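One line per chain: the protein sequences are Y and F, in this order. Here the working numbering is used: position 116 in the first sequence is 116, and no number is missing along the way. Here the working numbering is used: position 36 in the second sequence is 36, and no number is missing along the way.
Because the hints were derived from the structure by calculation, they are not lab data. Please read all numbers here as calculations on a predicted model, not as lab measurements. For glycine and all other residues, C-beta sits at the position ideal for the given N, C-alpha and C. One or more hints might be untrue.
[Unchecked claim] Quick list of in silico lysine-lysine cross-link-like pairs, DSS-like style, CA-CA up to 25 Å:
| # | chain 1 | residue 1 | chain 2 | residue 2 |
| --- | --- | --- | --- | --- |
| 1 | Y | K187 | F | K51 |
| 2 | Y | K65 | F | K59 |
| 3 | Y | K136 | Y | K65 |
[Claimed, not checked] Example chain F residues on the side facing chain Y (calculated, C-beta under 10 Å, incomplete):
| # | residue |
| --- | --- |
| 4 | C6 |
| 5 | T10 |
| 6 | L17 |
| 7 | R40 |
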Amino acid sequence: MSGGAIDPEELQQHRSYLLRYAILQLRDPHLAEDVVQETLVAAIEGRAKFSAQSSPRTWLVGILKHKILDVLRKRSREAELPVAEGEDPDELLDSLFQQDGHWATPPREWGDPEKSLENARFWEIFEQCCQRMPVKTARAFMMREFMDMSSAEICQELVISTTNCWVLLHRARLALRECLDLNWFGKAG
Amino acid sequence: MTMLNCKQNTELLSQVLDRPATLRERLAVRLHLMMCRGCRNFDKQLAFLRKAGQEWARKL
Numbered sequence: 001m002s003g004g005a006i007d008p009e010e011l012q013q014h015r016s017y018l019l020r021y022a023i024l025q026l027r028d029p030h031l032a033e034d035v036v037q038e039t040l041v042a043a044i045e046g047r048a049k050f051s052a053q054s055s056p057r058t059w060l061v062g063i064l065k066h067k068i069l070d071v072l073r074k075r076s077r078e079a080e081l082p083v084a085e086g087e088d089p090d091e092l093l094d095s096l097f098q099q100d101g102h103w104a105t106p107p108r109e110w111g112d113p114e115k116s117l118e119n120a121r122f123w124e125i126f127e128q129c130c131q132r133m134p135v136k137t138a139r140a141f142m143m144r145e146f147m148d149m150s151s152a153e154i155c156q157e158l159v160i161s162t163t164n165c166w167v168l169l170h171r172a173r174l175a176l177r178e179c180l181d182l183n184w185f186g187k188a189g
Numbered sequence: 001m002t003m004l005n006c007k008q009n010t011e012l013l014s015q016v017l018d019r020p021a022t023l024r025e026r027l028a029v030r031l032h033l034m035m036c037r038g039c040r041n042f043d044k045q046l047a048f049l050r051k052a053g054q055e056w057a058r059k060l
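Isolated chain Y (complex conformation) (with noise of 0.2 Å):
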């Protein structure tokens, strides 16, 4: 018996947290589900090797992580990744901005938006922002902001060019910025 290793009950009670996080990057709950089953077994498994140096749930969501990557690895592979489903990246940047290039709406004070974070109804608004956002655009965003993984990293991921993850990332803040602005910061003020 070692004297680091964790509470398997311990570990369970980390699964709804584990859930969301993975139902946001992979969209699909039965996938995240069995994804979350694999970290939690594998943290199970791999308890021993836990050190009290982290938290349970950061070791949790570095287990995770890696798990999403595999999947996101094995799709790509299988050429499951749309390019740009469903939304024309060009009609977002021609609603945001004249054709000379100003902004068609400047973007208006947010005041403290900080004070948001601490609200849970702004979270569940930042989910659905998120999930908003066409697949491959939401997955650099989350990759580079979730993860904190480097463009570099996300191109090799998503096996695209660093010109087209810069791309995608900056129309990621844009059409995030815009849903919270029409479903957060415009209402709260």
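Using the hints, position chain F against chain Y.
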């Protein structure tokens, strides 16, 4: 150096979060920001989005 319009400027503001900017780019962005309130707001909001992303991953 030609002046950036808002569309080009937002593109650069975003890229600066993903790669190192050249001195010329930094100056162009700064000049634009000095004259454009909309882009100043946008710039602050980008910083907020990054913070929110980190916070989301942390708190879950």
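Check your understanding: When the hints from earlier in the document are held up against this structure, which numbers fail?
Key -> Every hint satisfied by this model.
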